[in-house]
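Order-wise, the sequence lines are chains A and B. In terms of my numbering, the first sequence opens at residue 1 and continues consecutively. In terms of my numbering, the second sequence opens at residue 396 and continues consecutively.
To be clear, the hints were calculated from the coordinates, so they are not data collected in a lab. Do not take every clue at face value.
As the list claims (entries may be wrong) - Restricting the straight-line Cα-Cα distance to at most 16 Å, the calculated cross-link-like pairs of lysine to aspartate or glutamate (EDC-like) are: (1) B:Lys421 / A:Asp67; (2) B:Lys397 / A:Asp216; (3) A:Lys71 / B:Glu632; (4) A:Lys71 / B:Asp585; (5) A:Lys329 / B:Asp585; (6) B:Lys400 / A:Glu215; (7) B:Lys639 / A:Glu260; (8) B:Lys562 / A:Asp67.
What the hints assert, rightly or not - Stretches of chain B that chain A covers, calculated by requiring three or more beta carbons in the stretch to come under 8 Å of a beta carbon on chain A: (9) 405-416; (10) 634-646.
Think of the CB as a built atom: it goes at the ideal place given N, C-alpha and C, for glycine as much as any other residue.
Here is what each chain is made of, one letter per residue.
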Amino acid sequence: MRFIDWLDERLAIRQLIKVMMTEYYVPKNINFLWSFGVLIVLMLVILIISGVFLLMYYKPDANLAFDSVNKTIMMDVAYGWIFRHVHAVGASIMFLLLYVHMARGIYYGSFKPPRELVWLTGYVLFVLMSATAFTGYLLPWGQMSYWAAQTITTLFEKIPFIGPDLVIWIRGHFIVEDPTLTRFFALHVVFLPLLLIIVTAVHLYAVRIVGSNNEDGEPIPKEEKKKKGIPFWPVFMSKEFFVMAVFLTFFFFLVFFHYEFAMDPINFIPADKLQTPPHIYPEWYFLAYYEVLRGFFFSQNLGLIAFVLSMFIAMFLPWLDRSPIVSGKHRPLFQIAFWIFVFDFVFLTILGKLPPTGLYAWLGLIGSIIFFAFFFSLPIISRIERKQLENGGKK
Amino acid sequence: MKELKILAILAIIVIITYLGIEPYAKHVMHGTIPPPDFSYLDLPKFKLAGDPSKGRELFKVNCASCHSLKADGIEAGMDKKTAELSFHVVPPDLSNIAAIVEEHFLANFIRDPQNATKNPKFAMPPMGYLTNDQIGDIIAYLKSTAKKELTGKEILHDACTRCHSVKYQKIPVLTSPEHLKTYLGKIPPDLSLMGRAKEHEYLITFINNPQVLLPGTTMPRLGLTQEATEKVVAYLEQIADPHKEEREKIGMWVLIYMLIGVFLTYAWKKKIWKNIH
Numbered sequence: 001m002r003f004i005d006w007l008d009e010r011l012a013i014r015q016l017i018k019v020m021m022t023e024y025y026v027p028k029n030i031n032f033l034w035s036f037g038v039l040i041v042l043m044l045v046i047l048i049i050s051g052v053f054l055l056m057y058y059k060p061d062a063n064l065a066f067d068s069v070n071k072t073i074m075m076d077v078a079y080g081w082i083f084r085h086v087h088a089v090g091a092s093i094m095f096l097l098l099y100v101h102m103a104r105g106i107y108y109g110s111f112k113p114p115r116e117l118v119w120l121t122g123y124v125l126f127v128l129m130s131a132t133a134f135t136g137y138l139l140p141w142g143q144m145s146y147w148a149a150q151t152i153t154t155l156f157e158k159i160p161f162i163g164p165d166l167v168i169w170i171r172g173h174f175i176v177e178d179p180t181l182t183r184f185f186a187l188h189v190v191f192l193p194l195l196l197i198i199v200t201a202v203h204l205y206a207v208r209i210v211g212s213n214n215e216d217g218e219p220i221p222k223e224e225k226k227k228k229g230i231p232f233w234p235v236f237m238s239k240e241f242f243v244m245a246v247f248l249t250f251f252f253f254l255v256f257f258h259y260e261f262a263m264d265p266i267n268f269i270p271a272d273k274l275q276t277p278p279h280i281y282p283e284w285y286f287l288a289y290y291e292v293l294r295g296f297f298f299s300q301n302l303g304l305i306a307f308v309l310s311m312f313i314a315m316f317l318p319w320l321d322r323s324p325i326v327s328g329k330h331r332p333l334f335q336i337a338f339w340i341f342v343f344d345f346v347f348l349t350i351l352g353k354l355p356p357t358g359l360y361a362w363l364g365l366i367g368s369i370i371f372f373a374f375f376f377s378l379p380i381i382s383r384i385e386r387k388q389l390e391n392g393g394k395k
Numbered sequence: 396m397k398e399l400k401i402l403a404i405l406a407i408i409v410i411i412t413y414l415g416i417e418p419y420a421k422h423v424m425h426g427t428i429p430p431p432d433f434s435y436l437d438l439p440k441f442k443l444a445g446d447p448s449k450g451r452e453l454f455k456v457n458c459a460s461c462h463s464l465k466a467d468g469i470e471a472g473m474d475k476k477t478a479e480l481s482f483h484v485v486p487p488d489l490s491n492i493a494a495i496v497e498e499h500f501l502a503n504f505i506r507d508p509q510n511a512t513k514n515p516k517f518a519m520p521p522m523g524y525l526t527n528d529q530i531g532d533i534i535a536y537l538k539s540t541a542k543k544e545l546t547g548k549e550i551l552h553d554a555c556t557r558c559h560s561v562k563y564q565k566i567p568v569l570t571s572p573e574h575l576k577t578y579l580g581k582i583p584p585d586l587s588l589m590g591r592a593k594e595h596e597y598l599i600t601f602i603n604n605p606q607v608l609l610p611g612t613t614m615p616r617l618g619l620t621q622e623a624t625e626k627v628v629a630y631l632e633q634i635a636d637p638h639k640e641e642r643e644k645i646g647m648w649v650l651i652y653m654l655i656g657v658f659l660t661y662a663w664k665k666k667i668w669k670n671i672h
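From just these sequences and the hints, can you work out the full model?
Given below as structure tokens:
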């Protein structure tokens, strides 16, 4: 008996391969932006593998952490530096991939029925990945690690009634200290990755059920799947491998030759709780949200509410945008709003790193308002489009 | 074609973001770094000429109570402990000082260290009673003992390690920390990773004149020559990033490998998609 038959009898492996790969159809009218999902899975695998190797030498202790990263891993362990570069650049690029993946979903209406759960699980993944990145950033125990954690955990102080106690509970101390490092470590290497893997499985399962969206947002009934689609394996994946190869070339170029954007020089100075750096800023992928926090410069409370809202508002897209037209390709009004939003997001990201004074403060406020305006314009755009469709139908 | 257009749009957005958060934001945050001034011409001019043998005698009388000059077999009159108790910092051995410090600066330094270093609390007392000729003799003597070619590491030993440790190179700080705290107000940072934490131009200008970049700092201006400054910064950069050469070499091979991957995967894609419309 052949091994594959033996396995098939016990695990129904052939059926599984059919459902997951050879008879899972992906629409034909999609572009390479649909490859980003698999790229994200690839990136997650790279991060987990490089992370495990870093874990072998990292020491989660406020007195040892900095040297274990910058001396042991970066200088003494053979090729340790590659793993750190890959992990740091990988975390940064993960967010680039996530943002492109999400922007594609927004533009082509991939969050709309019947894919609400794909969007929701995906958004949960984004939030989990943000938490993983935030906790991981503290671990090298450099100046920016320390002060970013200090600043962001302070935000919880503003929560009514429980705020001050909550901050101490999160930090395990009155300030960011050794207990903060060890609990962030536990979250970063065990709890959050575990959740990420579980929710990723649910996300992929949900996509297998409802199928991928396509450029025209055209629903493909079961009977037509074979005609209008291409099998995931080998046809879609043959293209995916090409996209992967191009992406990895770019990725490794950054890892070896252009990593400064992901490894801030100031983080090569050990954490010093007595010396606040003149500029405190998060990594680039949080800058837009950070700018929304600072944008409402006249009221800290309002800024905080806006900050929390900006992090979660996109989660409610399926209920904000209820236009019957799925893909942005066929929605001129939505396209305008979408591109304004994209440029506003870039604008906020850049502003987030600039000092929040004078003109920049006002620009931040305007940018923040435009950020929310996009989401609140969606119900209106949907309504206009619905009306247009009804009128067109009457003609 | 359509896919290339999408890629182009993506690339433009990424590049704009990158330019905004890296070069532009850095420029706004840190401004432009003023160039260093290795002539030290803000200090009064000296006419420097002298006799090394006279200088040796003057050195023994005026300097050797605190400073050694091991190259010429002169030991300091004071041990480390006494020096620390009197000055809160260890006086340097002066064998190679003239190869490290610019001579016009050195002359001004001997006469008025507080003014030359821009640190009003600088430990060495002013030698204002020495005449210009005598200072010239001492400098001529110091030049005669100094090694011509110094490495970055040797310069660091002579110029920095009194106050700074370099623990990843197992170079300890010479003065004990509690004395440094009394002397400078805080324990000066370890230099192991400075070459990576600060950019090249910053380090050069900072060593040249700390007050320009960090007004109020207790780090003295040390009057290093251009050559000494560049060598010591190159050394700091090398120890902060010891795998640079290896990284660039491996990086090239990885990129070549990936490019081959790009061609192979493209060929396979072409083959599979041939019959798909």
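Return the numbers of the hints above that this structure violates; sort them in rising order.
1, 5
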